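Below, each chain spelled out in residue letters.
2 protein chains.
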Amino acid sequence: MKLYQGMGPNSYRVRIFLREKGIDVPMVEVDFAKGEHKAPVFLELNSLGQIPVLELDDGAIVTESVAICRYFEETHPEPPLFGSDAVSRAKVEMWNRRAELVIFGTIGNVALHSDALFKDRLTQFPAFAETERQAVPRKWAWLDQELADGRPFLAGESFSVADITAGVCGWLSEIFGMEIPADLKNVQRWNERVRGRPSWNA
Amino acid sequence: MKLYQGMGPNSYRVRIFLREKGIDVPMVEVDFAKGEHKAPVFLELNSLGQIPVLELDDGAIVTESVAICRYFEETHPEPPLFGSDAVSRAKVEMWNRRAELVIFGTIGNVALHSDALFKDRLTQFPAFAETERQAVPRKWAWLDQELADGRPFLAGESFSVADITAGVCGWLSEIFGMEIPADLKNVQRWNERVRGRPSWNA
Numbered sequence: 001m002k003l004y005q006g007m008g009p010n011s012y013r014v015r016i017f018l019r020e021k022g023i024d025v026p027m028v029e030v031d032f033a034k035g036e037h038k039a040p041v042f043l044e045l046n047s048l049g050q051i052p053v054l055e056l057d058d059g060a061i062v063t064e065s066v067a068i069c070r071y072f073e074e075t076h077p078e079p080p081l082f083g084s085d086a087v088s089r090a091k092v093e094m095w096n097r098r099a100e101l102v103i104f105g106t107i108g109n110v111a112l113h114s115d116a117l118f119k120d121r122l123t124q125f126p127a128f129a130e131t132e133r134q135a136v137p138r139k140w141a142w143l144d145q146e147l148a149d150g151r152p153f154l155a156g157e158s159f160s161v162a163d164i165t166a167g168v169c170g171w172l173s174e175i176f177g178m179e180i181p182a183d184l185k186n187v188q189r190w191n192e193r194v195r196g197r198p199s200w201n202a
Numbered sequence: 203m204k205l206y207q208g209m210g211p212n213s214y215r216v217r218i219f220l221r222e223k224g225i226d227v228p229m230v231e232v233d234f235a236k237g238e239h240k241a242p243v244f245l246e247l248n249s250l251g252q253i254p255v256l257e258l259d260d261g262a263i264v265t266e267s268v269a270i271c272r273y274f275e276e277t278h279p280e281p282p283l284f285g286s287d288a289v290s291r292a293k294v295e296m297w298n299r300r301a302e303l304v305i306f307g308t309i310g311n312v313a314l315h316s317d318a319l320f321k322d323r324l325t326q327f328p329a330f331a332e333t334e335r336q337a338v339p340r341k342w343a344w345l346d347q348e349l350a351d352g353r354p355f356l357a358g359e360s361f362s363v364a365d366i367t368a369g370v371c372g373w374l375s376e377i378f379g380m381e382i383p384a385d386l387k388n389v390q391r392w393n394e395r396v397r398g399r400p401s402w403n404a
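Listed in order, the protein sequences are those of chains P and V. Quick note: the first sequence uses our numbering, first residue 1, plus one each step. Quick note: the second sequence uses our numbering, first residue 203, plus one each step.
Chain P extracted, bound-state conformation (with noise of 0.2 Å):
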C-alpha cells in the first residue's frame, strides 16, 4: 500500500486522520511545485492528477480524501471518525459537507481564481475571487452561531473527520490571509481544541 501526497491541504487532512487512527503508510511525496500530480506516470493513477491517491496492494486505486479516510475507518474502525450508529453517522456525513460546501469551497474560489498558483489551470476570474473573499468571514460567522450550543465539535459531543475538513479550512484560510475574525469566539475555541490535538502536527 502507498499513498501518494504532498502539499495542499487535501494530502493534509488524510494525514491528519492517519495519525488520529494510529496508521502508519508509506508514503510517496508529489511535488505539486513541479507539476508532477500532472505527469503521465501520475495521471495514470489518478485521471484528474490530483493528490492524494491510495494505492492498494493489489493495485486498486482510491482517489478523493474522503474516500481514502472512509477505506481506512472500515479497515481500523477505532476510534470511529466517522460516527458510531446511524444517526451520529448522518451527522458526521452532513457536517463534513457543510464544512465542504460553505467553508472549503468558498476558500477554495478565492485560492483557485486569485493564486498565482492556478493560473495556468484555469481561466481566472479575480473579481469572483473578491466576492468569495468578502464571504468568507460571514461564512465563519455561520458556524458561530451553529456552534453557540456549547458542543465541543462539530457534530456533536466526538471528534470527527468533519473536524478535520473544517479544521484545515481555518489552516488554509490564514494561507491565504483570512484569519478567522477574533470576535468569533465559538469558532476560536473550537478551532483552539481542534488544532492542539497532536495529530495537527501530520
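Quick caveat, the hints were computed from the structure, so don't treat them as lab data. Treat the hints with caution; some may be incorrect.
What the hints assert, rightly or not - Computed list of lysine to any residue pairs in SDA-like fashion (alpha-carbon distance at most 25 Å, straight line): (1) P:LYS2 with P:HIS76; (2) V:LYS321 with P:ALA135; (3) P:LYS34 with P:ASP120; (4) V:LYS240 with P:LYS34; (5) V:LYS240 with P:ALA141.
All of these numbers come straight from a predicted model, not from anything done at the bench.
Knowing the structure of chain P, use the given hints to seat chain V on it.
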C-alpha cells in the same frame, strides 16, 4: 419522521434513493419558487435555507442529501447503495465525490452564475458561467474515458449512490441546455441504463 423537499437536484437525489430502497417517508413540499426555504420557520430547521431536510421523530435534523441517504443506508442496509466492503465503500465514496466535484460542481456554477432564479442570492459572474458551460462537455468526455472499460456502473458492477448523483447531473445538464454529447457512447450507455430504472420517476 418527515422529509422536507421540493424541486431541484438534491431533493431528487434523495427521492430516487428512497425509491431504490423501497422506503416510504412522509414528505413536506417546500416551494422553492415562493422562497419557502428562506422563510424563518424553515431556517429554524436548516440555517442554510436549503432542501432537502430530514426531521427525525425525536426532532433531530439531518441536512445535505448524501447525509440523508446515508442515514437510510444505515437503517435499511438492503440493497447496499454505498458499497458492501471496505474497498467498494471507498470506491462509491470516490465516485460520488468525482461526480459531485467534477460534473455537478461545474453545472452548478453555470446555473448559479447565469440563471435568473439565483440573481438575488449571489453576485453573478456571467463570464464565469460561460467558461464553465464550455467546460461541461469536457467533463462528460472525461467520464466517457473512465467508463471505457465497459463496467456497468460508476463504482463497478453494482448500482450505487454515485450513479444517482451522476445521473441527476445528466438530468440537470439537459435542463440548462447542455445535453450529454451524442458521441460519448460509454456515458450514453451508462446514462440509459441508469435513467431507465423505475426509481427515476421519483
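Results of checking the hints against the structure:
1. P:LYS2 with P:HIS76: Cα-Cα ~16 Å, so holds.
2. V:LYS321 with P:ALA135: holds, 16 Å
3. P:LYS34 with P:ASP120: holds, 13 Å
4. V:LYS240 with P:LYS34: violated, 46 Å
5. V:LYS240 with P:ALA141: holds, 18 Å
In summary, the one numbered hint that this structure violates is 4.
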